[in-house]
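Asks: Keeping their order, the protein sequence lines are chains A and B. Under the working numbering, residues 1 to 334 are what the first sequence spells out, in order. Under the working numbering, residues 1001 to 1334 are what the second sequence spells out, in order.
Incorrect hints may appear among the rest.
[Said to hold, decoys possible] Under the rule of at most 27 Å between Cα atoms (straight-line distance), these lysine-lysine pairs were calculated in the DSS-like manner:
#1 B/K1036 <-> A/K140
#2 B/K1140 <-> B/K1200
#3 B/K1200 <-> A/K261
#4 B/K1257 <-> B/K1200
[What the hints assert, rightly or not] Pulled from the structure, derived: some chain B residues nowhere near chain A, Cβ distances all over 12 Å:
#5 T1018
#6 D1056
#7 K1114
These are computed hints drawn from the structure, not numbers from a lab. Beta carbons: idealized from backbone N, C-alpha and C, even for Gly.
Protein chains: 2
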Amino acid sequence: MKEVRVSLVGFGNVGRATASVLLKKSRFFEDRYGVKINVVSISDTSGTVWLPEGIDLMEALLVKETFGKLSAWTNDYEVYELTPGDVVREVDAEVVVDVTNDKEAWKWHLAALKEGKSVVTSNKPPLAYHYRELIGEAEKRGVLYLFEATVMAGTPIVGLLRENLLGDDVQSIEAVLNATTTFILTQMERGLSFEEALAKAQKLGIAERDPSGDVLGIDAGYKATILHCLAFHPITYDEIRVRGIAEVTEGEIERAKTKGKTIRLVARVEKGRVAVEPAEIPRESPLAVESHENAAVIRTDLLGELVIKGAGAGLKETASGVVSDIIKAGLRAV
Amino acid sequence: MKEVRVSLVGFGNVGRATASVLLKKSRFFEDRYGVKINVVSISDTSGTVWLPEGIDLMEALLVKETFGKLSAWTNDYEVYELTPGDVVREVDAEVVVDVTNDKEAWKWHLAALKEGKSVVTSNKPPLAYHYRELIGEAEKRGVLYLFEATVMAGTPIVGLLRENLLGDDVQSIEAVLNATTTFILTQMERGLSFEEALAKAQKLGIAERDPSGDVLGIDAGYKATILHCLAFHPITYDEIRVRGIAEVTEGEIERAKTKGKTIRLVARVEKGRVAVEPAEIPRESPLAVESHENAAVIRTDLLGELVIKGAGAGLKETASGVVSDIIKAGLRAV
């Protein structure tokens, strides 16, 4: 059995969901891939638990859920004060996993790649601002830089564009990439005002306390930027046009309805041109998604139209992408 | 510029579409991947053209279109009488491409793998009957055995199941995998009898003169077998249940219509159980495809429901899958 050592940076909702999948399915992964995934360090904002032999994930999850922070873990395990940059340099591991929302994480992603480690991330800003450098460094070092979970959670649109369709020229991608805005727009169709719909989303935990990332289209914009980098060439978030859903009026919603259409926050990605904005979608379009589904329509020269549709949010759905990438990195590393 | 030498076996519709894409997009592939794809032999049933420096694909296409066979090509090029087995053993190449419908092709696929060559195929029976041996041999030799175009043409469901979703357990796949039957059923919905619809399909070149492969569900059955091999474990076509559309009556079509449903030839793939048969599909289901579209709904433990939908037939659509695999094999080989 080959062993892959993993540093898990971030132990919030996605980090815990990832640890939980690694814990529950470790036997399955060993049987199927011949790889034992050994998490040797876990970091949250309170500190880093580091055990070269591998951390008991069940206990880690229990400590975090009981006390809210890893630093509360005193028996058996040492808790260190390490920045992610320190973890990347000091902890012996083949794969570094970033499930934080650290906007400056690109710095320690780059450091990890320079150490010859593969990086798996669900964190979007590093890609939306530093795609070219990060991918370039990974190629130079012969390691992997993987980010399936950054777009459409585990629904494998990144893998689809990166490792498949190699003979096709992508011409355009149209996609609905943010589930929170879909929820709010759906509620508005049912008669709620924007403010009421947002409040309901926050109450249900679908929107964050500061909802601006979703509502202003920033999250969808990051994702659309990443899709452009994959399908065409590297750009940054600063080069795209984004308009969120905050100004969508009840009147616009109603007008769309009477035409048999529905408004969604749609990303349109063409070579050198990315726009994210509310758009009217025919009800029978694959983009007329509901709930936490995302969808993308990819047009290419050979294939014509290709649709991929699946979960775009959710904890185990996001962990699906992170874990798939960890296994991919692991299979390459061993 | 790295060079990948390719033996193209089969120069019918798909073979010519593949050559045509390789010809038209060679500069694009060189720029994008740093790989020059050099076709060093082309075989049809009349003979094999073999030129170690690389064949002029424009001329090859012209000869084939003008004379209907490669053996008519006398100036400049030698035409050899070689079986595919001979080609595999004698021609120096890194990649063997099978775009024939030779049911016994698994024998020379295996020979190619044993020669250390990667194999790219759009030919289904080798996989539907010999998946385990072929994949096993490829793994043993450290070469690739690629078959994107066998299921849903170039729509990358094979890549999706093989190289992505590595952390997920697939629970089931439901799919519409044959476009000819979709055409016939659609025509029946418009009032034609089965015989009339079939005749129309044949007239338009959608169904073959001997339509049994499509109509009896064999083609869809091969594809469903391959999906089972990918998602679960290797089986053969003999182990699955197949019922075609020949017995679908106009009454059944009408009854479905009045319920807001439509009949399609549906493959249901679960662990150890594959069934292909006509089934009523709600009109709003992703499986209610039209025209040459195929669709699959994949259910997994982590992601939930994932839909992939795209071209399932067509020449350049099939070439898309073949060429993507040639590039993939080329990137590995060089």
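Asks: Each hint needs a verdict: does it hold in this structure or not?
Replies: Now for the hints, and whether the structure bears them out:
1. A distance of roughly 22 Å separates the Cα atoms of B/K1036 and A/K140; the hinted pair therefore holds under the 27 Å criterion.
2. Note on B/K1140 and B/K1200: the hinted pairing is violated, with a Cα-Cα distance of about 47 Å set against a maximum of 27 Å.
3. This hinted pair does not check out: B/K1200 and A/K261 have alpha carbons roughly 35 Å apart, beyond 27 Å.
4. Taking the CA atoms of B/K1257 and B/K1200, the gap is about 22 Å. The hint holds against a cut of 27 Å.
5. Its beta-carbon lying about 9 Å from the closest one in chain A, B/T1018 breaks the requirement of being farther than 12 Å from that chain.
6. For B/D1056, the shortest C-beta to C-beta distance to chain A comes to about 20 Å, beyond the 12 Å cut-off, and the non-interface label holds.
7. Listed as outside the interface, B/K1114 is consistent with that label: its C-beta sits roughly 24 Å from the nearest C-beta of chain A, beyond the 12 Å cut-off.
When held up to the earlier numbered hints, the structure conflicts with 2, 3, 5 and fits the remainder.
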